[in-house]
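Asker: This is what each chain is made of:
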Amino acid sequence: MIAPRWSRTARATRDGTVLILVAGVAAILAALAIAFLGRMREDAAESRMITREAQARIMLVAACSYLREASRLGYDDPATPTVHEEAFGWVDVRDGTDGPKTREDASSNAFPVGSVARCPMHLWTRTRFAISTAACANPIADESSPDFGRPYLRNPDPRPAVDNGWPGSVDAARWDDFARGDPRPRPTSVGMAWFRVKRIASSRFVVACGGGGTEGWRDWNEVAAAGPDAIARFGHREVFDALRDDEPRLWYRVEWSPAVSDNMYQLLENRIHIDHYAWRAFNASQDFGDGRSQAMNRNPVGTIRWIQRLAGEPADW
Amino acid sequence: MRRAFSLIETCIAIALGSVIAGAALACLRAASSAIASANRLATENSCMRAGFTAALDEADFWQAVDRADDPTRQRLRGGDGVRWLPFAPFSLSFAPTESQIDGLPNRWTPTDPWPAHDPRYWFRGNLAEHTMSTDNRWGYYENFTHLEAAPDLGPGGSGIASPRHRWLFNQMEGLKNALGYYGLCEYLPANALYAVYGDRDSAVGWSHEWSAPTPQGIENNYLSQRGADCDLPRGDYVLTMYHLFALPVNASGAAALAETRHGLLTGRDSNSAHVAAFETHARWTERTLALRPAHWPDVRMSVARYVAHGRFTTQCAVRWLSPVTGDAVELSFTTLATSLRGARQQRVDPGDPSRDLDGGTYQP
Numbered sequence: 072m073i074a075p076r077w078s079r080t081a082r083a084t085r086d087g088t089v090l091i092l093v094a095g096v097a098a099i100l101a102a103l104a105i106a107f108l109g110r111m112r113e114d115a116a117e118s119r120m121i122t123r124e125a126q127a128r129i130m131l132v133a134a135c136s137y138l139r140e141a142s143r144l145g146y147d148d149p150a151t152p153t154v155h156e157e158a159f160g161w162v163d164v165r166d167g168t169d170g171p172k173t174r175e176d177a178s179s180n181a182f183p184v185g186s187v188a189r190c191p192m193h194l195w196t197r198t199r200f201a202i203s204t205a206a207c208a209n210p211i212a213d214e215s216s217p218d219f220g221r222p223y224l225r226n227p228d229p230r231p232a233v234d235n236g237w238p239g240s241v242d243a244a245r246w247d248d249f250a251r252g253d254p255r256p257r258p259t260s261v262g263m264a265w266f267r268v269k270r271i272a273s274s275r276f277v278v279a280c281g282g283g284g285t286e287g288w289r290d291w292n293e294v295a296a297a298g299p300d301a302i303a304r305f306g307h308r309e310v311f312d313a314l315r316d317d318e319p320r321l322w323y324r325v326e327w328s329p330a331v332s333d334n335m336y337q338l339l340e341n342r343i344h345i346d347h348y349a350w351r352a353f354n355a356s357q358d359f360g361d362g363r364s365q366a367m368n369r370n371p372v373g374t375i376r377w378i379q380r381l382a383g384e385p386a387d388w
Numbered sequence: 086m087r088r089a090f091s092l093i094e095t096c097i098a099i100a101l102g103s104v105i106a107g108a109a110l111a112c113l114r115a116a117s118s119a120i121a122s123a124n125r126l127a128t129e130n131s132c133m134r135a136g137f138t139a140a141l142d143e144a145d146f147w148q149a150v151d152r153a154d155d156p157t158r159q160r161l162r163g164g165d166g167v168r169w170l171p172f173a174p175f176s177l178s179f180a181p182t183e184s185q186i187d188g189l190p191n192r193w194t195p196t197d198p199w200p201a202h203d204p205r206y207w208f209r210g211n212l213a214e215h216t217m218s219t220d221n222r223w224g225y226y227e228n229f230t231h232l233e234a235a236p237d238l239g240p241g242g243s244g245i246a247s248p249r250h251r252w253l254f255n256q257m258e259g260l261k262n263a264l265g266y267y268g269l270c271e272y273l274p275a276n277a278l279y280a281v282y283g284d285r286d287s288a289v290g291w292s293h294e295w296s297a298p299t300p301q302g303i304e305n306n307y308l309s310q311r312g313a314d315c316d317l318p319r320g321d322y323v324l325t326m327y328h329l330f331a332l333p334v335n336a337s338g339a340a341a342l343a344e345t346r347h348g349l350l351t352g353r354d355s356n357s358a359h360v361a362a363f364e365t366h367a368r369w370t371e372r373t374l375a376l377r378p379a380h381w382p383d384v385r386m387s388v389a390r391y392v393a394h395g396r397f398t399t400q401c402a403v404r405w406l407s408p409v410t411g412d413a414v415e416l417s418f419t420t421l422a423t424s425l426r427g428a429r430q431q432r433v434d435p436g437d438p439s440r441d442l443d444g445g446t447y448q449p
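Residue numbers (the working numbering), protein chains in the order written: chain S, 72 to 388; chain C, 86 to 449.
If you're looking for bench data, these hints aren't it; they were derived computationally from the structure. Careful, some of the hints might be misleading.
Unchecked claim - What follows is a set of in silico ranges between Cβ atoms, one per label pair, in the way DEER data are often shown:
no., chain 1, residue 1, chain 2, residue 2, range
1, S, Pro152, C, Met217, 30 to 40 Å
2, C, Thr196, S, Leu224, 51 to 61 Å
3, S, Arg110, C, Glu371, 24 to 34 Å
4, C, Glu371, S, Leu194, 52 to 62 Å
5, S, Cys190, C, Ser417, 24 to 34 Å
6, C, Asp383, S, Cys190, 37 to 47 Å
7, C, Ser417, S, Pro319, 18 to 28 Å
8, C, Glu371, S, Leu100, 35 to 45 Å
9, S, Ala104, C, Asn356, 36 to 46 Å
10, C, Ser117, S, Thr196, 46 to 56 Å
11, S, Ala116, C, Thr365, 38 to 48 Å
Stated by the list, open to error - Just a sample of chain S residues kept apart from chain C, beta carbon distances all over 12 Å, derived:
no., residue
12, Asn209
13, Arg304
14, Glu326
Just so you know, even glycine gets a beta-carbon here, dropped at the ideal spot from N, CA and C.
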């Protein structure tokens with residue numbers, strides 16, 4: 072039996088209505104989902120910028136630490152293993168001239184005014200002289216062991232991250248590896264932050280802090296001038312420019328001071344009713360053990376005297 | 086021929102259709118609600134980020150404390166002729182009558198690095214000398230170093246002295262009067278000893294304002310508020326160990342002058358009233374979005390700057406209150422940012438547009 076024409080038409084109309092309704096509802100849901108995803112993406116992008124801003128600001132701490140440590144440390148010459156050269160500050164504490172100069176070479180100045188240090192801050196795979204992260208070198212044995220309950224110091228603690236043969240025959244075959252570390256960047260830390268310092272006066276520096284992947288290069292021209300290795304880091308100018316445009320950059324002016332901390336808490340605060348002046352004398356070493364003499368006041372690298380955020384990019388950094 | 090729907094079929098069809106339509110509506114409503122919640126959370130996150138950014142900007146540029154481009158919002162630039170507020174230009178606040186001391190300029194020199202080897206910066210007082218109960222048994226060190234050019238040390242000190250080293254003490258006194266105690270701690274080197282010879286009452290002994298002990302957190306105009314048990318020259322660690330010095334941000338005029346010479350008890354022996362006093366004195370709070378839709382969260386950022394235990398702290402907080410749930414959340418953090426001296430260098434001296442507030446070349 073053939074259905075009447077009007078009946079086929081009515082069913083087709085109903086099918087079309089349902090289709091339109093379903094399509095409409097689906098379209099609404101899709102639009103809402105897309106709006107939701109778009110909003111979340113926008114949110115994530117804004118959060119990423121905040122994260123980068125925070126990373127850039129952390130770089131200010133790193134730069135200040137770098138300036139302080141570079142004033143006194145890090146000038147050891149491997150060619151003179153019995154002498155460990157120490158510097159005497161950006162403004163030499165002995166004569167007020169520009170440093171850092173070592174004791175052995177009064178004419179040396181590793182970082183004269185105008186010098187720039189560019190410091191990408193990725194993590195090394197293994198830092199120099201890294202020790203093992205094993206938390207417990209001498210665990211207490213369980214009840215089945217005759218050593219149960221006895222905290223024997225059978226294993227050296229700490230131990231180097233580089234295998235030195237322990238507990239077998241310990242040797243120094245891999246000492247160089249231990250001392251050199253593994254400078255290959257950890258992939259998850261690459262391109263996240265950097266700082267850069269330029270010395271503008273004896274004790275003053277411009278510090279640039281970045282929360283992105285340009286590794287402290289100022290612009291593409293600087294990359295190109297540095298040679299093929301630097302160019303190979305980014306490949307093309309467009310890549311570098313995109314990274315630069317995507318990262319926050321902050322500029323500061325800071326000043327280093329040779330002054331370190333103050334007289335210690337115990338030195339002048341306590342024991343004041345007796346002759347503390349002799350008992351806790353400056354430079355005394357007899358109280359080394361309980362930390363009450365200036366000998367325990369260890370801050371050999373100076374302090375940051377002031378910090379000034381610059382309103383915009385300085386002409387030279 | 087197709088027959089028509091029966092009543093039962095129609096009823097069932099209508100019921101099923103209603104269920105489907107209801108489910109679809111509920112689905113739409115749930116989706117819409119989810120979107121609204123997501124939008125609300127996203128707005129809350131955006132506001133939180135705005136508060137975070139505003140707090141960091143304030144930490145770096147100090148605009149809430151001293152609006153560089155708006156003279157009506159520069160509460161901390163005045164003074165009474167002797168004591169000044171932390172944003173007064175040194176051309177006003179550090180302008181001593183003696184132009185030279187010990188052969189050196191008796192003014193603040195912004196480019197001077199205060200090198201450690203230079204005898205100008207060496208402290209020459211007697212560290213073992215008490216402020217309140219001294220009998221000068223180790224002699225009169227005032228003969229070596231003093232605020233005044235010709236202090237009268239009395240018969241025991243052989244009368245009128247001619248101390249050779251006065252520059253450092255005059256720099257310290259000048260900074261104290263120009264900036265207040267918070268600024269003084271920042272401008273002096275980290276290893277400074279806080280005492281000078283010479284007092285308004287007597288030329289012999291330490292200045293009481295610098296080192297005489299006073300009750301904790303009560304008295305103004307004394308650097309040392311450790312109590313009565315210690316009246317020796319000290320460094321900034323001990324000076325700020327039990328009470329701290331903060332930058333006053335909610336006062337102006339005479340009240341601000343007093344607050345810049347005031348210690349705030351927040352450590353041992355402090356109570357809720359002391360902490361509340363600190364909040365009133367030191368914390369600047371403002372709405373991040375003064376004009377906002379009623380359903381947006383109320384976000385406030387605050388910044389407090391203080392020196393305690395010899396450490397300078399810029400403590401920020403972002404707090405938001407949800408108008409829908411009523412939840413209040415606070416994110417509190419510290420940051421390394423522009424110091425007071427840096428902030429002064431960001432601002433131009435109204436008397437000389439080429440100079441900053443410290444007298445250095447204006448380089449914002």
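Asker: Going back to the hint list, which numbers does this structure go against?
Answerer: 1, 4, 9 and 14
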